[in-house]
Structure formats: C-alpha cells, structure tokens
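Protein chains: 2
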Amino acid sequence: MEGASVDHLAHERIRAEFDVEAMKIAWAGSKHAVDVADRMARLVASDPVFKKDNRMMLGRKELFKNTLRKAAHAWRRINELRLTEEEASMLRIFVDEPGYVDLHWGMFVPAIKGQGTDEQQKKWLPLAYKMQIIGCYAQTELGHGSNVQGLETTATFDPKTDEFIIHSPTLTSSKWWPGGLGKISTHAVVYARLITDGKDHGINGFIVQLRSLDDHSPLPGIVVGDIGTKFGNGAYNTMDNGVLRFDHVRIPRNQMLMRVSQVTREGKFVQSDVPRQLLYGTMVYVRQTIVSDASKALSRAVCIAVRYSAVRRQFGSQDGCPETQVIDYKTQQSRLFPLLASAYAFRFVGEWLKWLYRDVTERLQANDFSTLPEAHACTAGLKSLTTSVTAIASLTYTVCNLSITVFQSCLIHYVETVLLKEAWALTEVLGMALKNVENYVVAMDIFVAVGFLSYLLSMFLPALTKEIMLFCFCSCNSSLSLCAAEDWLKPSVILEAFEARAIRLAVNCAKNISKFPSQEEGFSELSADLLEVAIAHCQLIIVSKFIDKVKEDIQGHGVKELLQILCNVYALSLVHKHLGDFISTGYITPKQGALANEQLRFLYAQVRPNAVALVDAFNYTDHYLGSILGRYDGNVYPKLYEEAWKDPLNDTVVPDGYHEYVRPLLKQKFTVSRM
Amino acid sequence: MEGASVDHLAHERIRAEFDVEAMKIAWAGSKHAVDVADRMARLVASDPVFKKDNRMMLGRKELFKNTLRKAAHAWRRINELRLTEEEASMLRIFVDEPGYVDLHWGMFVPAIKGQGTDEQQKKWLPLAYKMQIIGCYAQTELGHGSNVQGLETTATFDPKTDEFIIHSPTLTSSKWWPGGLGKISTHAVVYARLITDGKDHGINGFIVQLRSLDDHSPLPGIVVGDIGTKFGNGAYNTMDNGVLRFDHVRIPRNQMLMRVSQVTREGKFVQSDVPRQLLYGTMVYVRQTIVSDASKALSRAVCIAVRYSAVRRQFGSQDGCPETQVIDYKTQQSRLFPLLASAYAFRFVGEWLKWLYRDVTERLQANDFSTLPEAHACTAGLKSLTTSVTAIASLTYTVCNLSITVFQSCLIHYVETVLLKEAWALTEVLGMALKNVENYVVAMDIFVAVGFLSYLLSMFLPALTKEIMLFCFCSCNSSLSLCAAEDWLKPSVILEAFEARAIRLAVNCAKNISKFPSQEEGFSELSADLLEVAIAHCQLIIVSKFIDKVKEDIQGHGVKELLQILCNVYALSLVHKHLGDFISTGYITPKQGALANEQLRFLYAQVRPNAVALVDAFNYTDHYLGSILGRYDGNVYPKLYEEAWKDPLNDTVVPDGYHEYVRPLLKQKFTVSRM
Ligand SMILES: Cc1cc2nc3c(=O)[nH]c(=O)nc-3n(C[C@H](O)[C@H](O)[C@H](O)COP(=O)(O)OP(=O)(O)OC[C@H]3O[C@@H](n4cnc5c(N)ncnc54)[C@H](O)[C@@H]3O)c2cc1C
Ligand SMILES: Cc1cc2nc3c(=O)[nH]c(=O)nc-3n(C[C@H](O)[C@H](O)[C@H](O)COP(=O)(O)OP(=O)(O)OC[C@H]3O[C@@H](n4cnc5c(N)ncnc54)[C@H](O)[C@@H]3O)c2cc1C
Ligand SMILES: [Ca+2]
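Keeping their order, the protein sequence lines are chains A and B.
Counting from 1, position 503 in the first sequence corresponds to residue 503 in the UniProt record's numbering; the numbering is continuous, with no gaps.
Counting from 1, position 516 in the second sequence corresponds to residue 516 in the UniProt record's numbering; the numbering is continuous, with no gaps.
Among the hints, erroneous ones may be present.
Said to hold, decoys possible - Lysine-lysine pairs mimicking DSBU-like chemistry, simulated, CA-CA at most 30 Å apart: (1) K330(A) <-> K577(B); (2) K577(A) <-> K51(B); (3) K515(A) <-> K51(B); (4) K65(A) <-> K667(B); (5) K667(A) <-> K51(B); (6) K199(B) <-> K51(A).
Unchecked claim - Pair by pair, the computed Cβ-Cβ distance ranges are: (7) Q271(B) <-> W645(A): 48 to 58 Å; (8) P517(B) <-> K577(A): 47 to 57 Å; (9) D38(A) <-> A605(B): 38 to 48 Å; (10) K577(A) <-> T589(B): 14 to 24 Å; (11) Q519(A) <-> Q668(B): 22 to 32 Å; (12) D7(A) <-> E643(B): 26 to 36 Å; (13) P517(A) <-> G316(B): 14 to 24 Å; (14) P517(B) <-> W645(A): 42 to 52 Å; (15) P322(B) <-> W645(A): 27 to 37 Å; (16) V653(A) <-> R69(B): 16 to 26 Å; (17) S317(B) <-> E119(A): 53 to 63 Å; (18) Q555(A) <-> V654(B): 18 to 28 Å; (19) E17(B) <-> Q519(A): 55 to 65 Å; (20) D47(B) <-> D38(A): 18 to 28 Å.
As the list claims (entries may be wrong) - Which residues of chain A face chain B? A partial, calculated answer using Cβ under 7 Å: (21) V49; (22) K52; (23) N54; (24) G59; (25) F64; (26) F94; (27) N147; (28) V148; (29) R193; (30) T196; (31) G198; (32) T229; (33) G580; (34) I583; (35) D647; (36) T652.
What the hints contain is simulated information worked out from the structure, not anything from laboratory work.
The beta-carbon is built from N, C-alpha and C at its ideal position, and this holds for glycine as well.
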C-alpha cells in the first residue's frame, strides 16, 4: 500500500489462499466503492493539513483549533475538486476526526429532511448544503437522556406575535452533550415541549438560531458553551459537545418542524395525515449509520491487533531461531479470530440495513398517505419498516457491545502495549458505543417495536389456543441431529440452532412472565432475561445475513471459501460463548456443544494463514489507522522508538520541576523519616 | 462524609439495614485500619497541593511537573508528621497519582530486599529509604515483555577491572516501559543476561546508576527518555514510563544482585544454596499488591456507579412525580450488583493473600537453607509458597479481568455519561490491568506452578491405576441434589458446584489432551480450553475465601447478613454467566441453573435498599473518588454545570480559529459544491 520500504509482513501476505483484491470488493460492496474509498483515502493521507500524529500532544484549545482548520480545508478540497456527495462523505470519513461537521451532515440535515415540510426543506437545506449556516442536534438535557419524552425545555406559542418562546425552566433542562453546539453551530434543531394555550403537546423539533452570523456571538437570551474536556487524549476532545440555556428566546412559528404536527396561526395544534411511523425514518437512518460506523471502528481495531500479533514474537525460541509470533498461540487466535469474523459479519449486516432503509423509504414514498388509514399503513409497507427498526435496534446493541469487546480484548490482550500508548482507533470505538445509543434501552425497543413480547405473552396467557399449543410443541421439542464436528459447518445446522435458541429463550421468558400477577410486573422483573432474549434474537439476524451473503455470487479465487470460514467462526464462537443458552433450551446436547468447540479450533487453523490478508482487505491506509503497531509494513520497533523522542517531555534532558521538586529531595533537605 | 450541604442521597442511607460503621471495619480489616485510612484521606483531601480536579486540563509537561510537586510535598508531609510506614503508604494511595515514587517503593526497594545480599541491602536500602537515590525497575524491553528469559541486554563480566559491562546490543533490547525511568530515576535495577568468560548464565538483576546526583544528566554511555504520551487524559501521563539504552556502561561487580547467584572475583558463576523458589517472594509480593490495587480500583468504579445510578432518574414518571431511579431497573441491578459483590470478594481474597504472603515468608525464614537440599525444601514450606503463587497468579488474572468488566460496564451502561467526561477511577482500572501482569500468560502459570496438569494427564495416560479410576468415578458422576431456589443459598451447595465444575472441566481437558500425539501438542492446541479451566479454578478460590470470611465472627448489626447476601450474589451471578460450564459438566441440570437465576433476582432485591450504604462502607472521600457523578452528597447536576465553564475552551465566547476557519466558510468564499 504505502511507501517503498521493506515489508516485514510479506511472508504473511504470501501465505494468503485467496485473492485480496477481490476480497476488497466483497468488503466494500463493489469495485466502484473500492475505487472511491481508495482515492479519497490517498487524498487525505497525502495532504499535510490532515496529519493526525500530533493530536496526543496538543492542549484542548490547539487541538480544537486544528480541527476547525481541517474541517475548513476539507470543505475547500471538496469544492475545488468538485467531489460528489459519495466522495465528500468518504473524504470526511478518512479525515477521521470527530468535529462539528459530523453533526451538521449527520444529524441537523437529516432532521430537517425527515421532519421538515417541503417549504422548510426548500428554505433551510440549501443554506445547510452550502454551509452558510452550521447546525447541530440539541435533544439531550442535563437531566434527560434516553427518556426523550421527559425533556423539560419548553416552546410556548405566543399567538400575539405568531412566535414560539423557547425557554429553559430549570437547571436540568439545560441542553447537555450536543456535538458542535459548544463553540461552532450557528443553528440547532432543538427538541422541546410544545405548549399552546396552556396545553402540553409533547416533544417537537424547532430550528433555532444560536449565534450571530456576523460576529458569532450568542444571540440575546442564549447561554452556550462547551461541557469540558472528555476522557481519551484527543478523540472526542476535538468535538465541542455543548451546554445551552434559553431565556425566553423567540422564534417565528414557521421554525417548528411541521411535517408531522403543525401549529396554526391561531395556535391550534394539528396532526398531519403523514403516519407517525414515517418519523422512524430519521431514526432508522441514524442507527444504520451507527452500525456502519461501529463496524468500521471494529475493523480498524482488529486490523491493528492482527498485524501487531503477526509482528510481535514472544517465547518459544529454539537455538537462536526467532520467537513464536503471538498470533500462533491458540489463546490469541481464540480472542482475535471471532472479532475478525465479527468485523465481516457487521460489515455485511450493515450493508443489508442500508439496503433495507432505501427499500422501505422508497416503498413508503410511493404511497399516498393522505388516503391511507394509519392501521392499514401499519400492516403493509410499514411492517418491514418496523422490522427494520427492530433489526437496527438489536444490531446497534450487538455491534456496540461487540465493539466494546474488541476494545476490551485489545485492552488486556494482544495489543496490551497499544492501549496506553496509542489509542485512536480504540477511542473511536468508545465514542461509538457511547454516542447516541443507549444500548440497553435500545435493546428493549425490540419488544416494543415488534410487539414480539406481547405476541409471545398472548400465547401463554390463560386462553391458549390449540394452534399455539401445536406451534410451541413443534418448535420446542425437537433437538439437533448432529453427530460429527463437521456437521457444524452446515449453514442449515447453524441457522436451526440459532433459531431454536432464540425462540425457546423467548418462550421460557414469556412463560415466566405469565407467572407474575400482572404482565407489567413480569416484564419489569424479568427485564434482564428479556435482554438476553433480545441478544439471542439479533445474533440470529446477523448469522442469517452472513449466511445469505455467502450464498451470493462472489467473485475471486478463494474469496467465497474464506467468507464461509469466517461465517462459521462467527457462529460457532457464539455457540461456545452462550453455550448455557443453547444447551439449557434443550436443542443441543453438551456433547454437540463440545463438537462445536472442536470444529472452531479447526476453523481457526484455516483462518490463520489468511489473517493478515483478511485485514488487508479492509484497505485502510496507515494514516487512517493512525497506529504504529498496526502499520501495513509491520516496521513497528524503529517507528515506536523514533516517535517516543518527539514527546514534549523529551524537549529537555532534565525535566521542568527537577530543581524545585526532585533535587531538594535527593539532597535530603528533609529529616529522616521513621521508616 | 464531607461538607455540610444537603445530602441528596439521605433517603437512600436511611434505608440501609446494617451498621455502616461496622461494615467499614469489616471492609478495612480492623478499626485501626479504618482510622489510619480516614486520617490520611482527610489529610490529603484538605491540602490544596493535592488538588486533582485540574488534571484534565494540563498539558503533558505541566501535568508531569505537578506530579513532581505532589511527590515532593507528600514526602515533606510524611517527614514533618513523622508518619509510620503504614500511614505513609496510605497517604500515597490517597494522593492517587501514578508517579515515580510508586516504582521506587513498589518495585525498586522490594527487588533489592528480595534479591540483594545482606551487605547489598545494608548499602542500598538506607539510601533508598531516605530517597537520596530514586530507583526504578527496568526489566521489559522494546522486543521482550512476558518472556523475561528472552531479554537481550547483556552484562558481561570484565575480570580485568572487576566490573560488568552493561550493553544494549540491538534496538529491540532497549528498555521500554519502566515507570519513573524516563525523567526521574537516578538508579535502576536492570535485568540483563549475565555473561562470564563467553558463557551466558541467563537473566540477573543489576543496580545501575543512570543519572548524575549533581545535575541529573544521564551518565556517559546512557541514553534515556520518556516513551511518550499515553492514552487517557492524565492518569498514566503523570508517569515517566521510559526508554533506556546502554553503550558499554561499566558498573562494579558488587552491583549485581547476588542473593541467589554470584559472580566471584575470578569471574566464576556460582549458585547460592538459597532455593530459587525464594525469588518467588518478590513476585508474590508484587502480585498481591496488584490484586489489592485492582480491588481498590474496582470498588472506586462501583462506588461511583452505584451512587450515580441512585441519583439518576429516567422514565416512569407518573402525574408529575419524579422519574424512576435507574438503580431500580432490574437490568441495571443485574449489571451493578455482581460488580458490587465482586468488589467485596476481591477485597477479602486480597486480605487472605496478604496473610498468606506473610505466613509463607515467615515459615521460609525460619529454615536454614544452607542445610536443606532443594528437593526437600520443595515439599515442605515451599509447597504452600507454590500454592500461593498459583493462587495469586489465578487471582490476578480474574481480578484484572473483572476490573475490565467493571470498566466495560461503566462504559456502556450505568455511567455512560461518566466516561467521556470524567474517568479518573476508570483510567486507573485500565492501567491496573495493563501493568505488570500479562494476564493470559499468568493464567498459564497455574498449570506450570502446581504441576496440576501433569497430574491430571498422568491420570489419563495409558497406565491408569484403579485408585485413579475410582477417584474420577466418584468426583465425576455425582450430581447436585437441589430442588428449590433457596437451596442455592447454602454455602455447601455453592462450594460443591464450583468444585465440581473446576475439577470436571480439568478432567475433560486432560482427556482431550491425551488424544493428541504428544502432551506438548495437546497442551498448545487446547490452551484456550486450559485457560477456561484456570478461570474456573480461581473463581472457586475466590468463592471459597468469601464463604470463609462470612463464617468469621463479624461484629455489627446486619453486617454478617449483608456479606452473606453479597457472597451469594457473587457466586450465583457466576453460575449464570458460566452456565454452559456448569451444565455441560453434568453436575447441575438446566432446571437447577434456572433456579439459581431466579434466586439471584431475590438477592438483588435484598441488595437494593443497602446498595448506597454498601459503597459508603468503602469510606472513600470525594477527593479520592475524583468524580462528580460519584459525589457523596449526590449533588451532581449543579456541579457538572459549574465545572463545565472552567474548560479552557470556554475562556473566550468566540473560539480561537473562528476567524480563520469558520467565518470564511459561513461567508461562502468557496464555490458551491456539486451536492
Ligand atoms: C459522545 C457523545 C455525543 C453525543 N452527542 C449528542 C448530540 O449531538 N445531540 C444530543 O442531543 N445528544 C447527544 N449525546 C447524548 C446522548 O444522546 C445520550 O447520552 C443518550 O441519549 C443516553 O442518555 P444519558 O447519557 O442521559 O443516559 P441515561 O438515559 O441517563 O441512562 C443512564 C443509564 O440508566 C439506565 N436506564 C435508563 N433508562 C432505563 C430504563 N428504562 N430501563 C433500564 N435501564 C435504564 C441505562 O443503563 C443507562 O445507561 C451524546 C452523548 C455522547 C456520549
Ligand atoms: C502502565 C505500564 C507500566 C509498566 N511498568 C513497567 C515497569 O515499571 N518496569 C518494567 O520492566 N516493565 C513495565 N511495564 C511492562 C510490562 O511489564 C509488560 O507490558 C508486560 O510484561 C507484558 O509484556 P508486553 O507488553 O511486551 O506483551 P507481550 O509479552 O508482547 O504479549 C503480547 C500478547 O501476546 C500474547 N502472548 C505472549 N506470550 C504468549 C504465550 N506464551 N502464550 C499465549 N499468548 C502469548 C498475549 O496475549 C499478550 O497479550 C509496564 C507496562 C505498562 C502497560
Ligand atoms: Ca489529554
């Protein structure tokens, strides 16, 4: 990839049993996607303004200023080169620095697109597209996160002036966390309780200007600032997550986002005939983005970990031969390879979600909602929307959880050294998992969205019908017929096992809930169990999408074979990890579980010679990875050594503070202690 | 605890069903221990020099200088107040900032104590005790971590001058990571390959002066510096982890640590009759410290998480009532309470290890080793030493792993907000897990140290004796007789289940190993499974030590009862987590597993009213916790808000960089993009 220096991992790359270029296409989705990513990644990597390696050494202010510089430069390049939307968003990905632009493009624009009327879109979107205004998404408050319905900020309609008065009545109503808010945004979509004529109509979105377009000072009645330095050198400290308070700030009535609900000139609150489910659109979009971001973060971490594990040698040297590569240790493989497989699994499920989002959006737009009764809409096109929300909710949960696992694994295990030394990729994972998603709460959505639980509950509540009995009987009493370890390689076997586990856990849980005096009580008492059902459910989705992917027509020598292996690694490592679920629901025996584990070892052996090539297929530049341990050429040690000397602490041989605080101590100015 | 302001958690504290003051004693070990900790914690908290809250805002150099200042001030106070060793080390704990002193007292001094001869101790320890020299522990090299036997630095004896020549022959032989080395230490214990007369005698320790005691400049032939900024704002950046290279540096012969091996004036290499196992002493000491540090870090994180979960409210508000405290959600409890129980479990097992270390040391010192053949020594007093090493190895592994779990949990779950905003306690956990311990490698020690595996192997290799058959039969075919959820509360039931799981997993593993052509191959192929056996083994130790603790005579209303509940939470949450192990070894049935999970819910309900009081019993000051979310008085929101404004980014309303990088963009100096 880069440079012309010696490739210390060449011996690994030669061993690959598949066509890496073809795998790049399978990973990226198309030849076109590979090309665009490749061009944008090189563009960024070769531009000195986008240098990343000094980030750890900058104070908050310099770090932040440097981010502003990068954002402006990126925008200039996007314009100069007349990049397409696809190219521009790729370029931003490779600039790889959280900043106000992410919220502008990722939340502010989609909110207006999703919740604004046609006129509102016509007015605001061109300004936003040209960045003549910069926007953020101001929902979360100091006292209110997951519970959006509990927000306290008010937007009270004043019919006299045809305005809304935006106000922060309490300390806990201060907006808190929105990215881009602290120092940069000129505008925000602010979520607030709509009040007309003394009546509370719940949460709605409003476009509010925050700062003067002339001198950037906050407008009257607005107090705004940054919430302070966050954990992790740099990363989210390049972002101005902000705090915001309103003191009776007035905005015109037409700045309420009115696609779904409106307030008339007279102050009447009206619901439009656009089905509320359409609002899910933005949510689906945002969550799908999160899944895709998380899979990116996971693959970066895995890429670093695999390469460094191939470079790093420890123990096992005999008569002067080099030591064993740590990637050859089975313990290392059992930590790394499931995560490598997960990176691929998430990539494919993310692509599927993107497709689903487009598909659902198109189908919805084809309908004329004014003529569709809401109930009808629910069954037809909306059914798949709901499914997608569910899927996304579940997947977001799993993906974020798994990102944490890779973070954790990197932590203790293979890149022990990485973590305290260089952690860009990992910090990103962290940010990912924390941002926007309240995982547990999201997982609970599954039940709410699909009505899955009430469906199951209905099965076990007193009036059991014969059909339902039959259904339960069929799906709950069979067991897996499998005698040899190789049988675990069959997609049908894997799929059945995951299906059986998911449905039986759910059935058990529903049975237990039915024992409580009320459904609510059971639901709340057993919520931890429900969570486990949710996890089982979404792992099933991921496994089945991976299996579908492998069935597709995939080009390139060995590519399909390797994807099949990764798919099996992903599934069987989950069987091992959740063995208690699989066995206790009675579908598989302990013996069969042991066979899965045995098969897993054989699969690891098949992954091993391909491991480095499999992470090469992500096609990440060294600039994007931002990790010495993960360098493409494996030339780790000289670079680590070289970098160390650049630390400010090495500016002088004798450190600042020596004369005041160390020398007196050594020269024993103190009396001898009693020790 | 501090201040006189309103206690927002008073309603929680009133609910406690036990005597918190008595629990403090149970936690700390004695009334005396509580008093010392209390005095030292207040001393630190009330001293402005020890302020911690500006750490996030300092650049590396200022941060480091500030640490030097704190260390000097602590030393001055220790001397002025004529503190005892116990008090001094408590004070250092509460200063709570990693620094060169930790390595000086924690590694340099113990290494000399453990590996130095009496004369060497007499010469060097007084200098170290008075801090007339400052030392570090320089073992790890750029290319060599866990594999100490692979170190490349050489110490070649020169009989002409009666000196050793310390040399770094390669880049990878550079010392890399030692704390305190980068900028401060005047001396180091350096580990290097001893070479006499062309012969390599393996790794030995040497006391080497690194810097001038006059002007602190590195001595001739020595290149030394800091390895650079690490991940996490502050925390380990207060430490000067260092890099060090030697170019033929000469030291007198008597600076080799010669308790175990000597080099004579003539250059002869001699092994002393002190059994090598004695060397384990330092290792045991250091590992025991790590267990205790890790339990401290875990309890801090849990304290913050529990308090914030009691303050934080989300959802469930009805008719204007406040929302539900998030600690009331069962999902939250199922994440928090096992960790709370683990904090107690680790505290007690740590105390037990400390006792074991003292006991073993005393017993060893009572023997006259010059008359003891090594083989003999192995069986007698040393047997318990080996056990302790094993125990410590295993426990270190588990504790560190669990600290990561709490870190992880904090991450995604209850203190979502904490992490990116304030992470002192958590960073410490991180450092803990990464430092000194290579977890996986350590876990492998179990088998090596106890010979446990070869014991098991011998059972299944061809020559099976009748006795062994019988043993296996007895211990492997029984199963748990348990019908009601309450039966899971019996210590005997818990202990049996953990024992059966540990032994059966080991037996299965040994059986599988015996199927391989050679034992080595089996060992290496199944190392991931062996690791799981190791984990089962050390969880058994922790559970059994917790059970022992509860059996002791414990004072105070309700204290014993609460500890019993926590012990059961610890054990049953592990049964649930590792259900696959427990069921597949055939000792418990899926039904019994479900009962354990059911019982766990009842236990959570019993913990709930006591949760805040249980973390209060750790007796941590707000200064030590260093967390706004974890404040004793629960007054979170006003303080978060207040702190935000202190960030450097809020120094000006319009940020640095606005005029260069934001205004031109808003004023549309660029041509319109194609988007
Ligand atoms: C990096 C970052 C960037 C962000 N950017 C933005 C932004 O641009 N705009 C914006 O508006 N917001 C932003 N946020 C805020 C984000 O939306 C919230 O953090 C998120 O909604 C979760 O809310 P919370 O942090 O208040 O957690 P809370 O809702 O207070 O939850 C705390 C914990 O309580 C538990 N809990 C809560 N409710 C329940 C329940 N019903 N059942 C069981 N357990 C429960 C959960 O375990 C949860 O972890 C950002 C946050 C971060 C970390
Ligand atoms: C904060 C911090 C402070 C430190 N302070 C000091 C100090 O004061 N003095 C000092 O001398 N050192 C210090 N160290 C270094 C520390 O001792 C090493 O990090 C530790 O010994 C692990 O070595 P390593 O990092 O080189 O990992 P490696 O040994 O390279 O291991 C890398 C990975 O390879 C795998 N692996 C290695 N061997 C095997 C095997 N046989 N089987 C299976 N898997 C294997 C493991 O998963 C491991 O995680 C410090 C480190 C840190 C992070
Ligand atoms: Ca920093």
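Practice task
If any of the earlier hints don't hold here, list their numbers in rising order.
Solution key: Violated hints: 2, 3, 6, 7, 8, 9, 11, 12, 15, 17, 18, 19, 20, 21, 22, 23, 26, 28, 29, 30, 31 and 36; rest satisfied.
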